[in-house]
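Visitor: Sequence:
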Amino acid sequence: MTNSVITAAAEKTPPSVARKVRGLSDRAIAWIFVAPTIFLLLAINIFPLIWTVRLSFTDYRANRLNREVEWVGLRNYERILTDDGIWMNMQATAHFLVWTIVFQVLIGFALAYLINKKFKGSALWTTIIVLPMMLSPAVVGNFWTFLYQPQIGLINYMVEFFTGIPASSFSMLGSVELAPWAIVIVDTWMWTPFVMLICLAGLRSIPDYIYEAAEIDRASKWRQFWTITIPMVLPFLMLAVLFRGIENFKMFDLVVQLTGGGPGSITELASINLKREAFEKWRTGYSSAYAVILFVTIFGLASIYVKALNKVKAR
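Residue numbers (numbering that gives the first Met the number 0): 0 to 314.
To be clear, the hints were calculated from the coordinates, so they are not data collected in a lab.
Cβ atoms here follow ideal geometry from the backbone N, Cα and C, with glycine treated the same way.
There's no promise every hint is true.
DSSO-like cross-link-like pairs, simulated, lysine-lysine; straight-line CA separation at most 27 Å [what the hints assert, rightly or not]:
id, residue 1, residue 2
1, K116, K312
2, K220, K116
3, K306, K249
4, K274, K249
5, K119, K280
6, K280, K249
7, K220, K312
8, K117, K220
Taking CB as the label site, the calculated pair distances span [stated by the list, open to error]:
id, residue 1, residue 2, range
9, F142, L177, 16 to 22 Å
10, E211, F161, 41 to 47 Å
11, F242, I45, 21 to 27 Å
All chains should be built: construct the whole structure from the sequences, respecting the hints.
Guide: Here is the structure:
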């Protein structure tokens, strides 16, 4: 069937086209197939980036198309870097980023280490643990908003049960002190399974004969853990930190569902502030400069981190 289709297509191909195709090299044919994908990537990714950089040097406003656009140079960048409010948003982002990564790595590695023991029912527990990361952030946000309700939320009643503090006397999402930790808890619950899976892959990539040789040398379990397990899983841990760091730096939907950036602006991450500048205040040129600064920050930190990761992998 396949040969007949190919034969029929070959017979219907004009002779001039057939001669040109036969004269193409393998590299040229490969480029013919790859070119549409490259064009789409340029149109979807590269062009908007270049356009954003250009707008960042202007006072363009997307809701005022008839006004004359003024070239302002580096003024937008100067205003952003000297704005105390922007730095508060960056501090909120750093708090969220650091603590979510710390908790996710510690808990994720601990879960992976336990599941790697292959006890009875480990496959079932793995499936149950992975369930949160399969959910939509909107679903998770609404679900945890209900759990955090002071009057009927399960979290407040658990706190009352263990500490004696009345459930209705505090609000996780309405408190300036507790709200940043509330979003950290939710993100940790949702994405710890992702880190666990990466760590589990690292643990199961360690050959058994290494541990057998260590036992012959009478190395204790604790020494095996620090001299074999941790060094060999470290590249996987660092890879998990890279993925979660990039994702949490641009976190938006989950925090919007939980707090909307409040109370006040205590949980207003950089991405939320960027959205407000761009689509609520319509300061398009200013927000373009803001986006460029965030992109350069993520790209620069990720590049340095990848170099460190490559050095660890090369050891």
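Visitor: Does the hinted range 16 to 22 Å hold for F142 and L177 at CB?
Guide: Once the Cβ atoms are compared, 18 Å apart, the range 16 to 22 Å for L177 and F142 holds.
Visitor: Between the alpha carbons of K280 and K249, is the straight-line distance 27 Å or under?
Guide: Given pair K280, K249 holds - Cα atoms ~20 Å apart, limit 27 Å.
Visitor: For a C-alpha distance cap of 27 Å, please report whether K274 and K249 respect it.
Guide: holds, 11 Å
Visitor: May I ask you to test the hint 21 to 27 Å on the CB atoms belonging to F242 and I45?
Guide: At 23 Å between Cβs, range holds.
Visitor: Do the alpha carbons of K220 and K312 lie within 27 Å of each other, as the hint requires?
Guide: holds, 24 Å
Visitor: Check the hint pairing K117 with K220 against an upper bound of 27 Å on the C-alpha distance.
Guide: Given that 27 Å is the threshold and the Cα spacing comes to 17 Å, the pair holds.
Visitor: Going straight from one Cα to the other, do K119 and K280 come out at no more than 27 Å?
Guide: At roughly 57 Å apart (the allowed maximum being 27 Å), K280 and K119 break the hint.
Visitor: Starting from K220, check that the Cα of K116 is at most 27 Å away, please.
Guide: holds, 14 Å
Visitor: Quickly compare the C-alpha distance for K116 and K312 to 27 Å and report which way the hint goes.
Guide: holds, 25 Å
Visitor: Just to be sure I understand the hint, the distance between the Cβ atoms of E211 and F161 should be within 41 to 47 Å; is that true here?
Guide: The hint (41 to 47 Å, Cβ to Cβ) holds, given that E211 and F161 are roughly 44 Å apart.
Visitor: Straight-line Cα separation of K306 and K249 no greater than 27 Å?
Guide: Given that 27 Å is the threshold and the Cα spacing comes to 22 Å, the pair holds.
Of the numbered hints stated above, the single one contradicted by the structure is hint 5.
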